[in-house]
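J.: The whole structure should be built from the sequences, with the hints applied where relevant.
Note that full-length UniProt numbering gives residue 93 to position 93 of the sequence shown, counting from 1, and the numbers run on in steps of one.
The set of hints was computed from the structure by calculation and includes no laboratory data.
Treat the hints with caution; some may be incorrect.
[What the hints assert, rightly or not] Only pairs whose alpha carbons sit at most 30 Å apart, straight line, appear in this in silico DSSO-like list of lysine-lysine:
#, residue 1, residue 2
1, K123, K220
2, K123, K68
3, K51, K220
4, K101, K202
5, K9, K202
6, K130, K202
7, K9, K123
8, K220, K130
9, K101, K123
10, K9, K101
11, K101, K130
12, K51, K68
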Amino acid sequence: MSFEYTPPKYAQLIAELERRIDSGEYPAGSLLPSEHTLMAEFGMARPTVVKALGVLRDQGWIVTQQGKGRFVRGRPAMPTSQQARAGRELLDRTETQVASKLLTAGPVEAPNRIAAYLGIEPKSPVTLRKILVERDGEPTEISATWVPAEIGEGTALAESTDLRQGIRRYVESAAGVSLDHIIEHITARNPTADERELLDVKSSAALLTVYAVACDATGKPWAVVETVLPGDRHELEDAYPIR
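T.: Have a look at this one:
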């Protein structure tokens, strides 16, 4: 079954506006460009622009003043105790930080879903690195990293030794880019035969699969980290401000 996916345009706009605020191009207290100005500059429809601005408002980057417009607040302050978002943690985690067993490292053909996330044709060559993670002697997750073949070839991602840096560092070094944002997708399903054996679960077990698609500031995807979690051994938690 084919699976088509295009990274949302609003995520690209969010990333660019955050960059401009961080750089001081849009200083705190300044009036943000109007919806029409942003639509014209980025070639986006109004609903896309409005959605991006709504996210920035909810996250505390901007504030709306009735009858005056939207004003820059600056980078929102978050509690230092806040845990990293799931996708960010997966991208930065090293294999030396967890008890893991390497299952696969090398070239494979991209499945439909992974190909769609990476913006390539199905069955295109990619590098896959898959590990089984254990905690207290019990298998707790299967983590697979998928990158285009030209990014993975000749790097530690295709080798059998433990990674001493997070996936993010290898990808940025090989691609010559800075990863800017992550788009997460979470699905629930039953396990495959291999997953039943590796995770020691029944065929009726519920698995959570987190796909973290790592993109640069333009929205181009460079890596997908796929993590398969037994539903009875994990609870996903997130924290974010409300305004």
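J.: Of all the hints given earlier, name the ones this structure violates by number, lowest first.
T.: Violated hints: 2, 5, 10; rest satisfied.
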